[in-house]
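Engineer: These protein sequences, in sequence, are chains A and B. Counting from 1, position 28 in the first sequence corresponds to residue 34 in my numbering; the numbering is continuous, with no gaps. Counting from 1, position 52 in the second sequence corresponds to residue 58 in my numbering; the numbering is continuous, with no gaps.
Simulated from the structure, these hints should not be mistaken for lab results. Note that the coordinates shown come from a computational prediction; the quantities given were computed from them, not determined experimentally. It is possible that part of the hints are untrue.
[Stated by the list, open to error] Partial selection, computed: residues in chain B whose CB lies under 7 Å from chain A:
hint : residue
1    : Ile46
2    : Ser48
3    : Pro49
4    : Pro128
5    : Ala136
6    : Leu176
7    : Val193
8    : Val196
Using N, Cα and C, we set each Cβ at its ideal position, and we do this for glycine too.
2 protein chains.
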Amino acid sequence: MTRRLEGKPVADSRNAATRAAIAARGDQRAPSLVSVHRDIDSPFRFYLKRQAKAAAEVGVVFRDEAVGDAAHPEALTARLAALGRDPAVDAVLVEHPLPPPFDFPAAVGELPLPKDVDGVSPGNLGRLVAQRPVQVPAVALAAVAIARHYELPIEGEPVAVVGRSETVGLPLALLLASRAPRMNATVTLVHSRSRDLAGALSRARTVFSCVGRPGLLDRSNVPPGAHVVDVGLSSVPDPTRPGGSRSAGDANPEALEGWADSLTPVPGGVGPVTVAELMASATRAWSWATGRESPP
Amino acid sequence: MTRRLEGKPVADSRNAATRAAIAARGDQRAPSLVSVHRDIDSPFRFYLKRQAKAAAEVGVVFRDEAVGDAAHPEALTARLAALGRDPAVDAVLVEHPLPPPFDFPAAVGELPLPKDVDGVSPGNLGRLVAQRPVQVPAVALAAVAIARHYELPIEGEPVAVVGRSETVGLPLALLLASRAPRMNATVTLVHSRSRDLAGALSRARTVFSCVGRPGLLDRSNVPPGAHVVDVGLSSVPDPTRPGGSRSAGDANPEALEGWADSLTPVPGGVGPVTVAELMASATRAWSWATGRESPP
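Excised from the complex, chain A in its bound form (with noise of 0.2 Å):
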């Protein structure tokens, strides 16, 4: 039988450790967190209202704010240069993946590194690699999260992560790769160009995936007794549902059942685990700009 790996046990771990850290405030404002969107119908969206539940719970202040339509993308620059100057803001996440004409690395490096808090702009990628992060992609150190609180075959073995994404791939395959505890990883890195993808990840115990392609993972590319931590997420169709649709990971779970040693579901497993690392480095900006703690 096939593990589910849960994410509610390690978000609640999580959340747990950021709430202490923000009643222990004593006269410090609250941390702050701004969650910056084009006000339109996206899987951002769906997240937007998490984030919001989320700070609630652990204390964060958080706001949404609209940003004007596509056809003016320099007004999202400014708008981020003017919140990376505000003292009374800590954090700043901006939707992502954001299409043509925005130009989203240049927006977000508008950012000091600490307020740039899901880690994303250039600045952040590079601290990554050169192995001094300041804020790493929640959706990475998510994955990691869930891999460490379920001893998932990482240190010194071979692992894989498919997808090559700027803001998700590519920094869990550095974050991975690091030579942070518990990490050290053998990684290889798999895409959509690559030849062969049963190949890639024959030898993988571990597999990552953040491709956002329902179905991709089962018996004919898994290797047998493998671990999955599925980071994708999609929208299918679903009648059955309220909405018509639901959510779906890349895995297939029926196909896995019986083969992978273990998987992460989707939706409750990598999400909630996101939205709560995003609370953790929100938390982390502030205790920085609050002198609290010095950033690295």
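With the hints as your guide, set chain B onto chain A.
Structural biologist: Frame of chain A; chain B shown alone:
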């Protein structure tokens, strides 16, 4: 018989292109490269001589600068900040690795991205992750140039990078895995904490080794028929040579003869191409600084 992949034809062709770009400069000043180093006996001193020679050959104005001793690391940072502001200097190379108490990332981070000619600042490394490179480490460009010149299997193929240093192995892995033309490799990043070197390399069609441990690669770990790009550079004792030592790569060429499909020699492989790529990068920085081209 194992094919010997000489660096000279690759370096010659790169240098010819650089020379032509500089010769066509009209009334613009020539490119200016400053190489900053501790004034001590190190492998970098040998590299300095190569830089001066290559610069003279292609028409780059080269100068080396010794900074004070290790007790005053802030002198290095201040000097780099000044070079960063100097409009007569297009490109600055800083000796690395630099041991503590020097803060290499902070020091080189004082340079604007185009002037950080070896692409080793966190800012440039982050642009590489974000798929918007400005400057990329010359050694990574050189390894890739050799692979392209000799048409080694890269695109869509399993390749391995051995070594995860911030300035060599990681940037090379990111470049090979990128969407750049003729890249898109399925990259496995292997390092000192990888539990099973032979296993980690077993699927690789091309192995890039960036460790600096002579004799590391032999028939016990390189798969038969693989191509080996030897980026390692060490000095080994050799009483038969003037000076009592010779250069060696990570590969044991005798052991791999008749086993590997091809191998870059050390010396004479990646080394000369690295110097040529450095001159090309300095010339690119000059093109940007003099307004002949726009930086990315």
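Engineer: Now look at each hint and say whether the structure bears it out.
Structural biologist: Now the hints, each set against the structure:
Of the supplied interface hints, the one on Ile46 (chain B) is violated, with its beta-carbon coming no nearer than about 24 Å to a beta-carbon of chain A, more than 7 Å. A cut of 7 Å between beta carbons decides the hint on Ser48 (chain B): the least distance to chain A is about 21 Å, and the hint is violated. Using the Cβ-Cβ criterion of 7 Å, the hint placing Pro49 (chain B) at the interface with chain A is not satisfied: the shortest such distance is roughly 21 Å. Taking 7 Å as the C-beta contact cut-off toward chain A, the hint placing Pro128 (chain B) at the interface holds, the least distance being around 4 Å.
Because the smallest distance between the Cβ of Ala136 (chain B) and any Cβ of chain A comes to about 5 Å, under 7 Å, the interface hint for this residue holds. This hint holds: Leu176 (chain B) has a C-beta 5 Å from the nearest C-beta of chain A, less than the 7 Å allowed. Given the 7 Å rule on beta carbons, the hint for Val193 (chain B) holds: about 5 Å separates it from the nearest Cβ of chain A. A distance limit of 7 Å between C-beta atoms decides the matter here; for Val196 (chain B) the minimum to chain A is near 6 Å, and the interface restraint holds.
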